[in-house]
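If you count by numbering that gives the first Met the number 0, then the sequence shown holds residues 0 to 79, one letter each, in order.
Everything labelled a hint here was simulated from the structure, so no lab data went into it.
Every clue listed holds true.
Beta-carbon label-pair distances, calculated as ranges: (1) 32 <-> 67: 22 to 28 Å; (2) 69 <-> 34: 25 to 31 Å; (3) 16 <-> 52: 43 to 49 Å; (4) 58 <-> 24: 27 to 33 Å; (5) 55 <-> 13: 35 to 41 Å; (6) 5 <-> 65: 33 to 39 Å; (7) 5 <-> 61: 35 to 41 Å; (8) 8 <-> 35: 22 to 28 Å; (9) 22 <-> 69: 22 to 28 Å; (10) 52 <-> 31: 22 to 28 Å; (11) 4 <-> 58: 43 to 49 Å; (12) 9 <-> 55: 34 to 40 Å; (13) 65 <-> 2: 41 to 47 Å; (14) 41 <-> 8: 33 to 39 Å.
Computed from a predicted model, the values in this text were never measured in an experiment.
C-beta: ideal position from N, C-alpha, C; glycine also.
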Amino acid sequence: MIVQPTPGVLGLFFTLKGSIVRRIATRCLMIAILASLIVLIESRHPEYFLHVSATPFTLLGLSLSIFMNFRNNAWRRQKL
0 MIVQPTPGVL GLFFTLKGSI VRRIATRCLM IAILASLIVL IESRHPEYFL
50 HVSATPFTLL GLSLSIFMNF RNNAWRRQKL
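Produce the entire structure from the sequences given, and follow the hints as far as they go.
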């Protein structure tokens, strides 16, 4: 039996073979650039963001968490 050595945390983080990092790297980069632009605009022109409420973001996060919980429960039922 061939026993492979267990990779450490950095080894797992930088493993590209069999990983989806290549597929999602451009999307993550675009989101980071968009977030950086929004922070830059907010720091230079805070008057644009005075009327932004946290309520829509709270409701979106709540609905996403409920939806992901339903998906997780459905996956568990399939595995049992």
